[in-house]
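Participant: Here are the chains, one letter per residue:
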Amino acid sequence: MKRRCLQLLAAGLVMLCQPAVADSNIEKYVNPETGLLSWQSQGDALQLELIQVLPDYVRAVYSSRGLPREIVDKVSGYCVFGTILHNRSEGPVAYRVADWRYITPDGESHRIRTKTEWVQEWRDMGVAFRWSMLPDDQVFEVGDWGQGFTTIGLAPGSRFNLEYAWRVNDTTYTRTIEGVECAPAEAPVH
Amino acid sequence: MRLLKHRFTRLQAGTAGLPVAWLLLLLSAAAVANEELSHSFAAIDPPRSVPDFSLPDMDGELHTLQDYRGKVVLINFWATWCPPCRREMPALQELNNKLGDEAFAVLAINQWEDADHVFAYMGDLNVFPSFPILFDPESKVSAEFGVKGLPTSFLLDKQGRVVFRAVGGRAFDHPQVEQTIRRLLAAE
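As given, the protein sequences belong to chains A and B, one line each in that order. Numbered per our numbering, the first sequence spans residues 1 to 190. Numbered per our numbering, the second sequence spans residues 191 to 378.
So here's chain B without its partners, still in its complex pose (with noise of 0.2 Å):
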C-alpha cells in the first residue's frame, strides 16, 4: 500500500507511538471509559447544507463530498488521541458492513495526524476499516463544518445536506442508529 506523506508542518514531526498521557488521563476518569455511549443524535432542522470537500485517504486516492451526492453519507471527525473516537471505531465498522451494500457511506475524518501513524493505529484494531479514512490535517474541513471538539459526527442525507449531528461518542451499533439511516436511506 502506497501511504500518502502529507506535507505536515514541522509540527508533525513527533507524532509517533501513543500519547499515553492523554489516555491515562480520560481513561482515569472511570465514568467515560465504561460509560455506555448514548445513540441519540440531535436532528438538524432545517437540513443544511455543506461545502464540498476533497481529502485524500490512506492511499492518497482523494475523495471529494461531491462524489457521494444520492447516498446517505455517516461522516465522522476523530484522532488517535482521542479516546471515544477510538471507542467508535468498531462500531462504525459495524455499521459500515450492515449497510455498506446500500447507498450508504461512512467517511471517517481524521485531524491533525500523517497516515502512517493512522496505519499503525489501524493494526492494533481487531478489524481494519473498510470505509475510507481521510486526511484533514490543517482541520479546515472541520471548521467548515463547525467541529468545536473530538469526535462529532454528522448523517447527511441523499441531497448531501446535514440531517442529524452528534457531539461526543456515539454508539454507532446501537439498532436506532441503523433505522435512522434505513429512514433517510428509504426517502425520496
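Chain A with its partners taken away, still in its complex shape (with noise of 0.2 Å):
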C-alpha cells in the first residue's frame, strides 16, 4: 500500500512537471482557396500551426532550389507540413523535435525525422543545402518565431495524433492535436 501511495505521489510529481495541456485550444481550417488543412494551437506560450503540403508542391520547393532529383523524390515521399512556431509568451520558450512523436492508428508513438538527419543524408550526397526544415531545436525569445517543413514517415492522407512539447523555465509543457491527415496525393477537388 505504501509503495502504491509512492507510486501515485511520483506519478503525480511527474504530471506537476510536465503539465498535460488539454487539445481543446486546437484550431482546424480548411483553405477556401487550396481545400487543403491547417490546424492550429491557441494560447500556449509556444503557438504551432501545422498547414497540409502537397507532395507536387515539396517537389517544386526542392526542384527549385536545384536539388537532385534524389534528395525531391525522397522528401516529396513523407507527409510534409509547413510548421510555424511563435514564441506568444512573455520570456523564452524552447522546443526539441526530438521530443514530439506522432502516434498512428495502430497506437504506435513514432519519432520524427529531424532537420539534423535531413541535412547529414544532403551532405552525404555532396549537397551543402540545409534550409526549408524545421530546425531541430530552439530558444524562442519575445517575439522570435520560425517555420521549416516537418516530415512524418506517413502516405498521403494518413491520419495521426501529434505530441509536441515546449518548455518554459524548467517546465515541460505538452499538447496533442489529434486527428491530424497528411495532405493527399493529388489537390483536392472543392
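Any given hint could turn out to be false.
In silico EDC-like links for lysine to aspartate or glutamate, alpha-carbon gap of 20 Å or less [claimed, not checked]:
#, chain 1, residue 1, chain 2, residue 2
1, A, LYS74, A, GLU121
2, B, LYS261, B, GLU378
3, B, LYS330, A, ASP99
4, B, LYS288, B, GLU334
5, B, LYS338, A, ASP73
6, B, LYS338, A, GLU141
7, B, LYS338, A, ASP99
Heads up, incomplete: computed chain B residues facing chain A, CB under 10 Å, no partners named [stated by the list, open to error]:
#, residue
8, HIS229
9, ARG238
10, SER239
11, VAL240
12, TRP271
13, PRO274
14, GLY339
Derived from the structure by calculation, the hints contain no laboratory data. All C-beta atoms, glycine included, are put in the ideal place defined by N, C-alpha and C.
Got two chains here, separate frames each, mind docking them using the hints?
Facilitator: Shown next as C-alpha cells:
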C-alpha cells in the first residue's frame, strides 16, 4: 500500500512537471482557395501551426532550389507539413523536435525525422543545402518565431495524432493535436 | 553592372524563377501573411564576439566585417524564397535611408542563391536596396553565427559584438528599432 502511494505520488510529481494541456484550443482550418487543411494551437506559450503540403508542392520547392532528383523524390515521399512556431509568451520558450512524437491509429508512437538527419543525408550526397526543414531545436526569445517543413513518415491522406512539447523555464508542456491528416496525393477538388 | 558568377555546385543549376510552391505554402497561412511583425530584439548579455568574414556583394566586391568596426551593423540572413525575408526587405531599406548617413550599416547576407537570381528579385521591389547584399552560398557564415532558420538578424555594436538578436521576420521600420540603434550609436 505504501509503495502504491509512493508510485502515485511520483506520478503526480511527473504530471506537475509536465502539465498536460487539453487540446480544446486547437483550431482546424480549411484553406478556401486550395482546400488544404491546417491546425493551429491557441493560448499556449508556443503557438504551433501545421499546414498540409501537397507532394507536388514539395517537389516544386526542392526542384526550384536545384536539388538532385533523389532528394526531391525522397522528401516528397514523406507526409510534409509547413510548420510555423511563435513564441506567444513574455519570456523564452524552447522546443526540440526530438521530443515530439506522432501516434498512428495502431497506437504506435514514432519519432519525427529531424532536420539534422536530413541535412546529414544531403551532405553525404555532396549537397550543402541546409534550409527548408524546421530547425531541430530553438530557444525563442520574446517576439521570435520560425518556420520550416516537418516530415512524417506516412502516406498521403494518413491520419495521426501529433504530440509536441515545449519548455518554459524548467517546465515542459505538452499538447496533442488529434486527427491530423496528411495532405492527399493530389490537390483536393473543392 | 558586373554580376558575380559564384562557383556554385551543380545544385544551383535550376534556381531560376520563384519557388512558387514555397510561397503558396506560407502565404496560405493567412495568419503569417497578414500578421503584424514584431519589432522586439532579444538582448545578448553579455555581448558576444563573432568571427570575422569576407563575402562578395552583387558586384563581386568583397566586404569584410572588420571593415565595419566602429559602426553599428545590422546583419540580416535571408533568401528570396523565404516570405518573411521578402516582407522585411522594404523596411530594411527604409531603416537604411534613415540611418545610412550615420555610423550604421545594413548587411543582408543571402543564403544559397546566386547574384543573378537575387538581382532579378530586386527588380521586383519598389526600391532597389542601397545596402550591400552579400552572398554566403554554402551557408558557412550563417552557421558561424548559429543561424538555424531564416530570417535571423543580429545587431552588432561599434566594437563588433552581437548585442541583439531577432529570430523570424521583424518590422525594421518600427520606431523602437530605430531608437535601439540610436542608443547603440550614442554609446561609447
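Participant: Going through the numbered hints above, which ones does this structure break? Give me the numbers in ascending order.
Facilitator: The structure conflicts with hints 3, 4, 5, 9, 10 and 11, although it agrees with all the remaining ones.
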